[in-house]
Structure formats: C-alpha cells, structure tokens
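For the record, the sequence lines run as chains A, B, C and D. Residues in the first sequence are numbered consecutively from 1, following the UniProt record's numbering. Residues in the second sequence are numbered consecutively from 1, following the UniProt record's numbering. Residues in the third sequence are numbered consecutively from 1, following the UniProt record's numbering. Residues in the fourth sequence are numbered consecutively from 1, following the UniProt record's numbering.
The hints are simulated quantities; they were obtained by calculation from the structure and are not laboratory data. Treat the numbers as computed from the prediction; the structure is a model and nothing was measured. Check before you lean on any hint, since a few could be wrong.
Any copy, or any two copies together, can satisfy a pair, since identical chains are not distinguished.
[What the hints assert, rightly or not] Straight-line Cα separation of at most 25 angstroms, DMTMM-like style, residue types lysine to aspartate or glutamate; simulated pairs: (1) Lys137 <-> Glu221; (2) Lys137 <-> Asp366; (3) Lys137 <-> Glu26; (4) Lys137 <-> Glu58; (5) Lys137 <-> Asp100; (6) Lys137 <-> Asp23; (7) Lys137 <-> Glu163; (8) Lys137 <-> Asp162; (9) Lys137 <-> Glu305.
So you can see what is in the structure, the chains are spelled out below.
4 protein chains.
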Amino acid sequence: MIGYAFMGRAHSQAWRTVAAAFDVPEIARRVIVGRDEDAVAAAAQRLDWEEHATDWREVIARDDIDIVDICTPGFLHAEIAIAALEAGKHVLCEKPLANDTAEAEQMVAAAEAAQARGQIAALGFTYRRVPALALAKRFVEDGRLGTIRQVKASYLQDWLVDEDAGMSWRLRRETAGSGALGDIGSHAVDQVQHLTGQQVTAVRGRLATIVPRRPGEDGLEDVTVDDAAWASLELDGGALASVEVSRMATGAKNRLSVELFGSAGALRFDLESPNELWFHDATLPVAEQGLRRVLVTEPEHPYLEAWWPQGHVLGWENAFTHQVRDLLIAIRDRERPDASGFSPDFADGLALQRVLDAVIASDAADGATITL
Amino acid sequence: MIGYAFMGRAHSQAWRTVAAAFDVPEIARRVIVGRDEDAVAAAAQRLDWEEHATDWREVIARDDIDIVDICTPGFLHAEIAIAALEAGKHVLCEKPLANDTAEAEQMVAAAEAAQARGQIAALGFTYRRVPALALAKRFVEDGRLGTIRQVKASYLQDWLVDEDAGMSWRLRRETAGSGALGDIGSHAVDQVQHLTGQQVTAVRGRLATIVPRRPGEDGLEDVTVDDAAWASLELDGGALASVEVSRMATGAKNRLSVELFGSAGALRFDLESPNELWFHDATLPVAEQGLRRVLVTEPEHPYLEAWWPQGHVLGWENAFTHQVRDLLIAIRDRERPDASGFSPDFADGLALQRVLDAVIASDAADGATITL
Amino acid sequence: MIGYAFMGRAHSQAWRTVAAAFDVPEIARRVIVGRDEDAVAAAAQRLDWEEHATDWREVIARDDIDIVDICTPGFLHAEIAIAALEAGKHVLCEKPLANDTAEAEQMVAAAEAAQARGQIAALGFTYRRVPALALAKRFVEDGRLGTIRQVKASYLQDWLVDEDAGMSWRLRRETAGSGALGDIGSHAVDQVQHLTGQQVTAVRGRLATIVPRRPGEDGLEDVTVDDAAWASLELDGGALASVEVSRMATGAKNRLSVELFGSAGALRFDLESPNELWFHDATLPVAEQGLRRVLVTEPEHPYLEAWWPQGHVLGWENAFTHQVRDLLIAIRDRERPDASGFSPDFADGLALQRVLDAVIASDAADGATITL
Amino acid sequence: MIGYAFMGRAHSQAWRTVAAAFDVPEIARRVIVGRDEDAVAAAAQRLDWEEHATDWREVIARDDIDIVDICTPGFLHAEIAIAALEAGKHVLCEKPLANDTAEAEQMVAAAEAAQARGQIAALGFTYRRVPALALAKRFVEDGRLGTIRQVKASYLQDWLVDEDAGMSWRLRRETAGSGALGDIGSHAVDQVQHLTGQQVTAVRGRLATIVPRRPGEDGLEDVTVDDAAWASLELDGGALASVEVSRMATGAKNRLSVELFGSAGALRFDLESPNELWFHDATLPVAEQGLRRVLVTEPEHPYLEAWWPQGHVLGWENAFTHQVRDLLIAIRDRERPDASGFSPDFADGLALQRVLDAVIASDAADGATITL
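Build the full structure now, drawing on both the sequences and the hints.
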C-alpha cells in the first residue's frame, strides 16, 4: 500500500478484516510506503503492516508483492499505477483515476495491456460496495424499476460553510484538480451511470465558487476550485439525470443521495443512513403503494452473509472490506471464462473523468451542451 | 348542537363542510345551545348556526330538530343524551360516553331502546375516521397482517411538563373523572380494540401522578387524577397489547401511536403524521421487505374520493367531517337490511369504559389482573 | 367567484370557513359563476353560495359584489381580472397570472391603476400561507440562516408515469401554456424568491418531454409541453438555486421540497408533510447540532392561534383559508399607513412569469444563460 | 478469548482494530479457546489469533495471558470468570453475567476480591459504547433533560414470527435461562438505569409465550421461555419507566429504542439507526422547539475522534472496539486516583439480574409489585 492518510487507514482496515469476514485467500500485509520515514514507520505499526518503506519504486520491484494499493493524492496516481502495472502487479487505485485526462489516458493504455496479461486494474469507487447501493443495482437489473426515466443525485457536505476556514491544497486548482465536482461529484455521477447501467452522452453544467477568497498564510487568497456544482445529464438509455454537489450545504455531513424514477418503480438512498434502501413498487395496487424502507442487513442482501445477524447495521468502513473482497475474487477467478472481473476499472474512470470535464467545459461555454 | 368550545368548533366545521365534500343529504344547522347567552350568540354567528339557545331541554323538544350533537363536558352527557334519545332524536355524543359507569349503563339502556325504534346513538371516537386508520382497519380485515399477536399503543402529550402550570378542572377527579387515562388513553384503547377487531378480556394497569401538587387559587393544591398511565391488555382473539399514555412526555404534542404485529405483516401509525400509514408485508421475499410509507391520499383510500387530488393531505379536522358523513349515511340507510349502522355506539363506549375502570382497579390492587 | 372546479372547491371551502376561524369581517358568498348552468347551479348548492350565474360580465357589474375570486383556467384570467379591476372590485386571481407575458403585462397595468385607487389585486400562490413555510420566511427574516448561499427546490409528482395515460388539455401547449414548469415549477420558483427575499437575475434551463406521444382521440398525439424541467438560478442577493420539477417522478405525489442553506443555518420543507419545518441552527455547539423537526402547530406559529390545540395538524386546504384571511385584512387595512398589503400581487406574478419564460428561452438557446 | 461464535467474531474484530483506531497499548491476540479443536483452529486462523487451545484452564494458568475475554454461552460464565479472576487476570465477560443469581453472586464476590487487588472485572453491555448512547448519557449528566420523569424503552426483534421455526437451545429454560427478557430485555433495562443514572427500586412485570409449542426433533415441543415481556419500573430518582421486549415484532430487526422525557428536554434513540440521537430542547422558544436529529459523527462526539471525518457513519461492530478501548484504558489507569474504572462491572450485572428476576417474580405473582 502506498499512502497512509485517511484513505490509507480505511484501506488498511479492509485488508486486516477481509479474511475474517469473507472466504477469500489470506493476503499478507507486506509493506506500507510513504515519504516521511518516521510517519510511515508509525503507521506501519499502528495499522499492522509487516514493513514500511519510503521508495515506492523499490517496493514495486519486489517479487513478494502481488498487489499494489494506491492511496496517494491523485496527482501521483498515474506514475505509480503505470509502473506497478508494468511490473506485473495487480493494482487497486483510489479515485479519482488522475487529475487530468491525458494522464488518465496513459493509465488506461497501461491497464489494457496489463489486463491482456491477466492483471487486474481496479478503481476504488467504494460506494458501489455499500450493500444498499448494491441492492439498488440488483433491483434495477431485475427490472423492478422498469424503464428508468429520471435520476436525481446530489452529494452535499458542509465543511466549507465557515467563510473564515482557511485555504488548503484542496482549494487550489493546481493541487486538487477540481473542487466539489471532482471530489464528491465524481461519486454522484458514478452512481448515476452505475445504477442505471447507462452512459452519459451529453452534459450541461455550472460551477460556482461561493466564498471566492479565504485566509491563507499571507492574507486573503483566491479559491481556485468550485465550492458547488450542478449538472444536467443525458444518458444513452434515455434517462435524464440531475446532479448537485456542494461543500456549503449547511447541516449536510456526507449526504450522497440518489433517487431513481422508473416506469415500474423508484428507489431512494442517502449515505447518511447507508443501511437503508427505499423502494417504491409501482406495480402494486395503488392503495398499498408507498416508499418502503428496506433495512439492508439480511443474509439475502449483498455482502451481508459475511457479517452479523439481521438488524445489526454496517458502517461506512465496511464497503472498503467489500471492495477488497471483490478484488481478491477477481484475481482468483481471472482465468475462468465466466469471471465477472472487477468493475469499475481504469477505462470506467477515464469515461467518468470525461463527464466531469464536460461539466467544466459546459460551464465555460455559458451552459452549452457538451456531447460525449 | 349543545356546546360550543373546542369540540363544538370542530363539530361545526364538520357540519358546515360535509355536504360540500360528500354526497349526503343537506342538513340545516338549526340551533347551537350554551348556558352563557352572549357567548353562545357569538358562537352561533361565528360558527354559522341559524339560531342559538340557552335551554337544551326546549331545543330537544322541537319538532324541527332531528339530530342532537352533544359537545359538552362529559358529566353532562348522560342527562342530555338520554333526554334526546327519549325525545326520538338521533344522537351523536362526544367521548367519553360518561364520567362514570353507572351513568354509562343508563345511557346504553336508553340507546338500546332508541335503536330498537330506528334511532342512531353514535359515539364520537373520531380517530376511527382518520383515513390512515380506516385503511389500517381494512388491511387487518383483508387478512394482510395474518394473526395479530402484539399491539403497542401509546398516546403522548406534553402540556403538563411545566410543573408550575396551574390547576384546572381537568386535574380534579370530581370534574374530570380521570386524567390522561380517560382523556387520551380512551383513544388508544379504542384503537387497540377497533383495529384488531378483538375485545379486551383482562387488564393489568398502573397510574401515576408525576407532579402531585400544582398551584391553585389558594396555594398548592393536590392533583387528583393521573398524569400518566400504563396498561397491559389481553384480547379475546389472543393478541396482547401494551398501552402507555402521558401528559408529561416532553416534545410529544399529540402523538397517538399504534403498532400492530401479526404473523403476516405489521402496521404503524402516528397521529402527528396522520396522512401516513406504515405497512410491512411479511409475505414478500425477505430481501425486499420493509416498512412502507403509504401516503393515504389516493381516491382508492377511505374517504379520499371526496377531497383533493393525490398528495394533497388532510388535517386533523377532516375526520370530524367523515364522522358526520358516516352518521348521515347511517341515518339514511337505517331501514335497509344491509345497513352497517354507526360504530362505535353507546354500548361500545360502555365496554371501553369498563376497560379503563379495570386499569384503575388493577392499579388499586397493586397491579393484579382484572378480568372483564 | 368565477369557476367551480378543483380550485373553486378549495376557494369555496376557504370562504365558508374563514370567519369561523379568524377574526375577520363576514363576507357573503354572493354568486358563483360558470358557463354550464346546470353544473354551476349544482355547485352553488353544494358549495353553499347564495346564487349562481353564467355571465361573469353581469356579475362584475353588480353593486353588491366587492371581491371577485377568479378560479378559471389561466387563459381566461386576463380578460376577467382586468374587467373586474376596472369595475372597481378587489380581485383574487389564481396562479398562473396568465398564459403569456403580453397578457400578464396588461394585467399588471390594470392592477397598478386599481391599486392606486385603493383596490387589492392579489395573486393566489397559496403555499406561501402554509404555516411551516410562513415560519420558514420568519426564520429567514430574523436572520436565523445568516447569508443564504444555496437553495435546492423541487416539485415532483407522478401522475404521468403511465405512458398509456391519455392526452388532455394540460398536455397541449395551446391550452396549457406550459407543462410541469408552469404548473408546479411556478410554485417552486415562487418559494425560492419568496423565502430568500431575493429576485432571480439570471437563468439556465432545460425542458424535457419524456413520453413524447400519448393516446388521443384519433390515435397517438404529440405532447407539446414539458413533462419535466430543470433550472439553475442566480439571485440578486448572491444565492444560487436549483429547481427540478417533474410529473414523471414515480412515487412522488405532491412533493414540493425546498432546502435553504445559509451561513448560520438551514431549513427543509416537504409539502407531503406540510406541518413540519426542519431547522438546522449552525450557531449551536457542534456536538448538539442537527436538523430539528418543528411541528408547526403551536399558537406561536403563523396562523395557528386560530385553529386547534398543539399537535392537531392542518391539511392542504387550510392554506386557502389563510389566503382569504390575509386578503380580507389587506382590504380592511388598505388605508392605514402601516398596512402590509397582500403579497404576491400581479407585478410579482409577472416577474415570476419572466423567470419561467427565461427557463424556456435558455433551453431553446442550448442552455445559455438568460439575464433578467 | 474463550468462545469463537457470533460474539467471539465481534470481539476479535475489536481486538484486531483497537490499536489502529485509538491510542492504546498494543495487545497481542495470544490464544483463542474452544472445545472443538478443528473449529477453534479454523477460527484462530480466520480471526487472526496467534494460537488456539481447547482447555481454558491451561490457558488461564499461563503467565503471558493478562486479559481473559469470555464469549461463551452464559451458563459457563461463572466458572471461567471466577477462575480467571483468581488467577490474577483482568476479565471481560459478555452479558448476561450468569444464568442464575446464585452464580452471579459468587462472581461478584470474586470480582470484588480481584478489584481490591487492582484487577478489572468488566461486563460487556456493549451498547453503552454506541456513540449516540454515550452522547445521550453526556446530555443527561449535563442537565440538558432536567429532571427525568418518564422513560419508554423497548427492544423488538422478529426472528420468531414464523410459528414453524423450530426449537433451539434459546427456547428452553434450562439452557437459555430466560427468553426475550434476559436476552434483549437486559439491554433495555441496562440502558434505562445507565442513561438515567437511577436504579430500579420496584417492578411490575408480565411474560408471555405467544407460540407455546414449536417443532422439535421429536414432534411439537413446549417453548419454556418468554417470547415477549413487559415491565413497569420505578427508579430511585423518581423516574418511571416502561420496557417492552419481543421476538415476535414483525418487521423489527434489532430495534432497541429508548425515549427519555425530562422537565427540560427529551431524547430518543433507535439501534436500527445507531448514528442518530434525537434531542428535544424544551428550554428553547416554543416556536422553534422540535426533535433534533444529531448525526453522531463529529470529532466532538464520544469515540469519534478516532474514526473517520464527519458524516462517515459507524456500524454495530464499532461499539465493541470502543469497549475494548475503555477496558485497556481502565487497566492502564487503574492505579491513578482519578481513574474512572470500567462500568458496568460484575456488581452492576448482578443488580441488573435482580431487576430481571423481579419481572419474572411479579408475573408469577399476577403482576404484584416486587420491591428491590
């Protein structure tokens, strides 16, 4: 694993837990890599890795490393992932795939070559592994929604409400790439495409920096990324989607919300109550129709057979364990003709990046439609 | 109509509205009766009654009066209702039927004689006409819950939380009969019996006066009724019910809540959200089971065809209009062999009173079971 | 009153009820007007009007008529309202003000002349009188939200989900003017402007007809209005708003939803639970912050002192009574220097119409910003 | 650790995770003990313990063992816990303390002797470590509820709704001790006492076996424990509490629900949404009072500084990690004069057991009050 901050902690928890919960091969947690030797040494001990190192190139070259899990900031993804794939390793790369499209294209080329050699190149859109969202996907695939016409997605947070909150690398374009759009909008758009099984074909977008200047080290400094963004999406299956994201949504803590409206039913999900999927079955008699709170904790629900009895809910972190579980199964089964592989892969990440770029391009073109 | 306070206003609203909403005979709002001439005159004008009067005996004797609607305090119910029934009028009497059982028994005798003459003696447990509760009843009758095993009912209010709130007639046994138990517990027990279609056969109860003395006109005075009450009920169909009522439940405004648990499904209702009925269908596949919020505003729902388009919710007051509508239909159809009559009637009120008496008796007997 | 369909019924209920609930002058319900004599005669009886008539011009000319309440379809508003205002009457006109802007401008001219003569020209955006939304307005005016940055509004219904549902006048541009945008989007945009106290200055919009052809009398026919619409709005106080409306939102019955995000707090409202206002106070200590469900039924809440005790909720129809109450007070107080008048008036309706037109114009211009 | 079933898995997860999340001493997971050698060997590997063993006496005798975590069924608790305490080990014992009071008294004696020697004897009522319930406790201690008058607690599950579900050790008195009362009622009563800070002084109770016979290996067999139970409790601080528990509550999966009503505020919690605490502050102006959903995921909330950013919710399992964290801190600080120790201890468990016994005794005495 390369990186040991927030995402490194979450991924470590998953690697530590996966074999206790699921029937997967045991994986040694060999090396954790970071630039600051003291800090990475402490992380190795705390997060229970066998060794630590400061040079990821040396680690990638080792024969006893099979999987490289990349938890660094986005601007480092391309170099590491390409090197790891070329060294014959399976790769799990945190989202976003890269900070710009050119890099992302190179990563996809490397991934395609590696996949042809039987390697896995997995991208970490972890929320696909939240059981309630996996159940939503199953309901859609089973036709329970009929034709999906309209999707309403948003991802709202409020950690920038205080206008005296200071500058950071996340608020500068050169380090962060983009703001709310790239950070959390990417999840919302990924869910729209993933749940519907449809790809975005045209985009209209708007970006806004609501607090344009914030205190930096030398006085007020320009915020160069978006605080909030809106997009209107056309999908190739005919659905229309709206996406709204913000870091200024007072009272919203981590509110990824998705609603799907179809000819036969509807679904609703909110990441602040991640164990609930709300389902409306429009084929029932009218007098008994209603939005139904499915508490997604039954053995019959995705991933749940591995955990606790019904009604014992999961937390945010469990989806990372599911992600590692799916990765290990994809690796184990990659030779089998019926293997489903790991989704999303790097190509999915590039496609998503192009949607986000189109939102930015549309905003720059005064809202004009950008076709993909 | 006799009485023009809170209940008089609500009943007047119903009489004024019923013919606009439902296909029922037009009823002239002939006379409103009260003891204070100025006040009842003002009420007649405000609530749109043709005349006012101060002597209910004279009014009951009039030939142009067909229905007597009794909205006075409970201790006056018996005298007026018996006189009205003996005068050949149909009677709608607000709950409680009476303040004591002896009076209630006399009222039932008068009602039975009157019913044999073709009169209606209706008791105003209005919440039976809340559409969501009427739908709950329909679901139970349609077998959607299977065998009902357990019922959890409560009615919580908070208007006595402030211990400096002063004495009133509602806090003295001689005027109020009982406290939370009789006032709101009666609704909870009525719903338990009505929704299950089962009668209480045995009772254990507890009463409590949480703030035992409150400021009166001459200093602190004893509160002689209960602030809160609990009961455990056995029903003749095998269900077991718990009932909890309180006027000290901080934050609860008018929270009549009922949950029914059956072998095939469950229902939940809360009067603070009266347009919603929550239904759990335990016969669906496990992976899609969940409590379903039915917004009870469809034309297919009880009473709703008379009102507004779907999604346009009703308020607390509409149930009074439904009650008057059902009364008028009961009167119209009373000669028909298939007429369903009006439920509850005075006998139902007496049966309910006996359950409440048993709660009090059980508490007096240190919680011992009282059999009915 | 002119018109006796859905809106006529709701307005009649309000006129019948207002003097029983509020301390306002008594108003005789003189004449109800419609084109079909039998139908309007039946309506007069059912809805309790003294007379009926078929020629609105004759009625407007009568001396015993002081107020004209216009509940006809939108394309008749201009002619009637202008005539009534010129005849010296006070006018209450249902929304939308008119089906096109040219007519609306003429109406505003007539209203301004009439207002100068002391007449009231009121527009019926009734939802401003829902107590929870009136309380929201009060919270904003009291500064409880600080600076409002972001607004998320939607109005979702589902009565067109069935693609075999047939054509009607509401689905043809020539009769309806527009589709979901004009019908329900107008309410959403009105709330955005009303609650923030800010006016829209720039608009980007999208319209969609999701089911483009529906069965008509002679086979499939083109739907010429929108099924759904989206808008992104800039307001003159700096807030940014999104609006989404649809008649294809499976499971949504009458879901007008508004969320306001400010520097000091947030508010949330949903018309399917109209007695609840959710308030987040961001000035409290972090550990106790949360979205708070205010059950808007206290005497301290707008309009509530007139109704029932706390916890006894109101329905959709009560807001119409509040509207008539405010109209009568505006008429009574119109000479007083401190009179607040009636809001919205025709000029507000025209301003709103221009926002909706801008949404349509933006969509026609491939999403380009339209400045107002 | 002794035992490797459901609770053994949950405790193992906690031991594996605690040092990654919290700043506590590292603890080697030395030995896991079970009777079936193959099964315990598999568990040791899966749950990541260094060794496995089949004889708990040998393990307790080892010098390299400091803490004994007892996850066996309740009837084995006494023997193991007493032996471990006498061997000088710290003990964490899962609830219930024991299956009968005599054993529990012996355990308390052993624990008191051990505590005098500086050992910790901890009892695993893990729900006290759910952050929302720890926050509730803090609110009560800070006086935010004023005087607590009324408590409404319930714990509802539905895994026995199917009357064809077969017999198991949990349904026989000789193995299980009691049914819903002991299994889940113990949690409800513990929360009542813990959150109020008051001890039960008097009890009235009822037990019911709703499905009295179930299919066993040789035909229908008597169920000898309760399916559901109800209790009415008096507490030494003046509060009155109701408790209702059931395994027949259709649709309820793991619904431990607690409501506290005080003179200054109220709290509500539901274990199916464990990251939410609902707080009503009755000292605010009436017009803005309401039940407030506090999403308990801020660094300011109990235990949360160790986990993820705000809005990233925890699951059922995290409370076990908190329990181990508190145990390790209690061990580390036990010599310090200001150490808070670990609560609950064995004496708390015995006191709780006496409350549950009183419920049973009251039911046997036809509901009579049992004084403690």
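Quick rundown of the hints versus the structure:
no. : hint              : verdict
1   : Lys137 <-> Glu221 : neither (43 angstroms within a copy, 35 angstroms between copies)
2   : Lys137 <-> Asp366 : neither (34 angstroms within a copy, 32 angstroms between copies)
3   : Lys137 <-> Glu26  : neither (29 angstroms within a copy, 41 angstroms between copies)
4   : Lys137 <-> Glu58  : neither (40 angstroms within a copy, 51 angstroms between copies)
5   : Lys137 <-> Asp100 : neither (29 angstroms within a copy, 44 angstroms between copies)
6   : Lys137 <-> Asp23  : within (23 angstroms within a copy, 39 angstroms between copies)
7   : Lys137 <-> Glu163 : between (39 angstroms within a copy, 24 angstroms between copies)
8   : Lys137 <-> Asp162 : between (37 angstroms within a copy, 23 angstroms between copies)
9   : Lys137 <-> Glu305 : within (18 angstroms within a copy, 33 angstroms between copies)
Of the numbered hints given earlier, the model fails hints 1, 2, 3, 4 and 5; all others are met.
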